[in-house]
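*Asks:* Residue numbers (this note's numbering), protein chains in the order written: chain H, 107 to 241; chain W, 107 to 241; chain B, 107 to 241; chain D, 107 to 241.
Keep in mind that the hints were calculated from the coordinates and are not lab data.
Fair warning: there could be bad hints in the mix.
List of simulated lysine to aspartate or glutamate pairs, EDC-like, C-alpha gap at most 16 Å [unchecked claim]:
#, chain 1, residue 1, chain 2, residue 2
1, W, K146, H, D123
2, D, K146, B, E179
3, D, K146, D, D123
4, B, K146, D, D123
5, B, K146, B, E179
6, B, K210, B, E179
7, H, K146, W, D123
Protein chains: 4
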Amino acid sequence: MGKEMPADMSGFNPFGDLIGLQFVQCEGGYSRCTLEVGQKLLNPHGVVHGGVMYSMADTGMGGAMYTVMEKDELCATIEIKIVYFKAVREGTLVCVTRIINRGKRVAALESEITSGGRLVAKASGTYSIFAVKEH
Amino acid sequence: MGKEMPADMSGFNPFGDLIGLQFVQCEGGYSRCTLEVGQKLLNPHGVVHGGVMYSMADTGMGGAMYTVMEKDELCATIEIKIVYFKAVREGTLVCVTRIINRGKRVAALESEITSGGRLVAKASGTYSIFAVKEH
Amino acid sequence: MGKEMPADMSGFNPFGDLIGLQFVQCEGGYSRCTLEVGQKLLNPHGVVHGGVMYSMADTGMGGAMYTVMEKDELCATIEIKIVYFKAVREGTLVCVTRIINRGKRVAALESEITSGGRLVAKASGTYSIFAVKEH
Amino acid sequence: MGKEMPADMSGFNPFGDLIGLQFVQCEGGYSRCTLEVGQKLLNPHGVVHGGVMYSMADTGMGGAMYTVMEKDELCATIEIKIVYFKAVREGTLVCVTRIINRGKRVAALESEITSGGRLVAKASGTYSIFAVKEH
Numbered sequence: 107m108g109k110e111m112p113a114d115m116s117g118f119n120p121f122g123d124l125i126g127l128q129f130v131q132c133e134g135g136y137s138r139c140t141l142e143v144g145q146k147l148l149n150p151h152g153v154v155h156g157g158v159m160y161s162m163a164d165t166g167m168g169g170a171m172y173t174v175m176e177k178d179e180l181c182a183t184i185e186i187k188i189v190y191f192k193a194v195r196e197g198t199l200v201c202v203t204r205i206i207n208r209g210k211r212v213a214a215l216e217s218e219i220t221s222g223g224r225l226v227a228k229a230s231g232t233y234s235i236f237a238v239k240e241h
Numbered sequence: 107m108g109k110e111m112p113a114d115m116s117g118f119n120p121f122g123d124l125i126g127l128q129f130v131q132c133e134g135g136y137s138r139c140t141l142e143v144g145q146k147l148l149n150p151h152g153v154v155h156g157g158v159m160y161s162m163a164d165t166g167m168g169g170a171m172y173t174v175m176e177k178d179e180l181c182a183t184i185e186i187k188i189v190y191f192k193a194v195r196e197g198t199l200v201c202v203t204r205i206i207n208r209g210k211r212v213a214a215l216e217s218e219i220t221s222g223g224r225l226v227a228k229a230s231g232t233y234s235i236f237a238v239k240e241h
Numbered sequence: 107m108g109k110e111m112p113a114d115m116s117g118f119n120p121f122g123d124l125i126g127l128q129f130v131q132c133e134g135g136y137s138r139c140t141l142e143v144g145q146k147l148l149n150p151h152g153v154v155h156g157g158v159m160y161s162m163a164d165t166g167m168g169g170a171m172y173t174v175m176e177k178d179e180l181c182a183t184i185e186i187k188i189v190y191f192k193a194v195r196e197g198t199l200v201c202v203t204r205i206i207n208r209g210k211r212v213a214a215l216e217s218e219i220t221s222g223g224r225l226v227a228k229a230s231g232t233y234s235i236f237a238v239k240e241h
Numbered sequence: 107m108g109k110e111m112p113a114d115m116s117g118f119n120p121f122g123d124l125i126g127l128q129f130v131q132c133e134g135g136y137s138r139c140t141l142e143v144g145q146k147l148l149n150p151h152g153v154v155h156g157g158v159m160y161s162m163a164d165t166g167m168g169g170a171m172y173t174v175m176e177k178d179e180l181c182a183t184i185e186i187k188i189v190y191f192k193a194v195r196e197g198t199l200v201c202v203t204r205i206i207n208r209g210k211r212v213a214a215l216e217s218e219i220t221s222g223g224r225l226v227a228k229a230s231g232t233y234s235i236f237a238v239k240e241h
């Protein structure tokens, strides 16, 4: 992770640490993060819990957002929808996120989660952008 | 939790255990689960990570689904959308899930997540139902 | 429609008129609108086009929003998700909409569409609220 | 429209006709349809009603689905989410739809709606695929 990584994404991130999420890249309205599938991330069926893939998308969207925001701006997730295509039992998950529209007050993003190059889930979300003083 | 709890929901659930999710009730197309907010569930802003609330909804929907399925049926999440209303820093999260439509092959569910009685997030999801033999 | 109906909802509404949508009630963050199913609203399968039910929800959400906004505020749809439960061939469709959360800048709403008392579709949407001067 | 156009998409389509929707291409899991903005498609704010763009997406998804289905299969919309980026007052709307995942029983699709080359809305939907005999 280079200097492009905002402070918010490189330091304190307890839940990201808990699930083993790592940012690989974070710049220009784009982010890429990865996660190694381990037993602790499985659901009762023995496959990766849907909440793990979702958490990659939500975190990846936050990372992408911070690359396009001003110093006096904050953002918050309005909503995210995630669709699942394939169950994953092991290996590395990669989540690539892009901003597809950046309005003044609302931005729309998409995250594609792949395993071994295969698309396993896709998320579509919106974030609210506001001035720190509005907070 | 009584006998109504399906085996799937009361035993092996590593990710549920990791985040501290507990089922309180699970019957008749309904489920209720809770989670104590701890430091490990926080995001970089010091509030509960959106993925935690999402994971409660996804798990709660699975729990509600199993109460209405036949022995030779399985289900899988098609998609879930979650909307956030309020950031949470501490306390207990409660997630109540109901099936709002049970078709032959697709069911629709909703989860309401509250903190101290206040609605903090709401999820709307669809699940695919299929015979074990189709799997 | 009484005095509670905002001017926006009772006058110029060409697309609403095209599909035959009528507001029955619109007050206190709630709206109810109806529509008679006719041949012109059918899709190639001979059932009501999904876009018709969606249009009821989107319009109903707009109607509910105007009951809770200040004179110097405007709103715009951020996103809406709609889930379908049952195809409809004839009769009256009723769409009931409620605001489920009203934040300072974003509101969340739900619409239930029924036919003969049976839930046939449900929508979940978010709207952005902004001052006219921001426009 | 050539022979690739399924019968369902080229003939009886009352609601499509009502809003002036025309399929330009429909093959290989892809569809493109267009629509001329006219006064009858406007909402109370004088811009194209959100339900019009949604109807393009829903219809375009149906068109794309029929290019990948067997003769003994039918499909039905499970749910669609649409996000809006920009209001449109006039001109031609173009909706391009692609299947992003085709499972055995559920397919996921995306539609991008543009006006003058500018992305104005994007939809993400899921369709259920089933044998005619199951119907």
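*Asks:* State for each hint whether it applies.
*Replies:* Against the structure, the hints come out as follows:
1. Restraint check: the Cα-Cα separation between W/K146 and H/D123 comes to about 8 Å, which is no more than 16 Å; the hinted pair holds.
2. In summary, the hint linking D/K146 to B/E179 is not supported, as the alpha carbons are separated by about 26 Å, beyond the 16 Å threshold.
3. Using a Cα cut-off of 16 Å, the hinted pair D/K146 and D/D123 holds, with the two alpha carbons roughly 13 Å apart.
4. Distance check on the hinted pair: B/K146 and D/D123 sit about 8 Å apart at the alpha-carbon level, within 16 Å; holds.
5. Taking the CA atoms of B/K146 and B/E179, the gap is about 36 Å. The hint is violated against a cut of 16 Å.
6. At most 16 Å may separate the alpha-carbon atoms for a hinted pair to count; B/K210 and B/E179 meet this at roughly 11 Å.
7. A C-alpha spacing of about 8 Å is found between H/K146 and W/D123, which places the hinted pair at or below 16 Å, so the restraint holds.
Consistency with the previously given hints fails for numbers 2, 5, ordered from lowest to highest.
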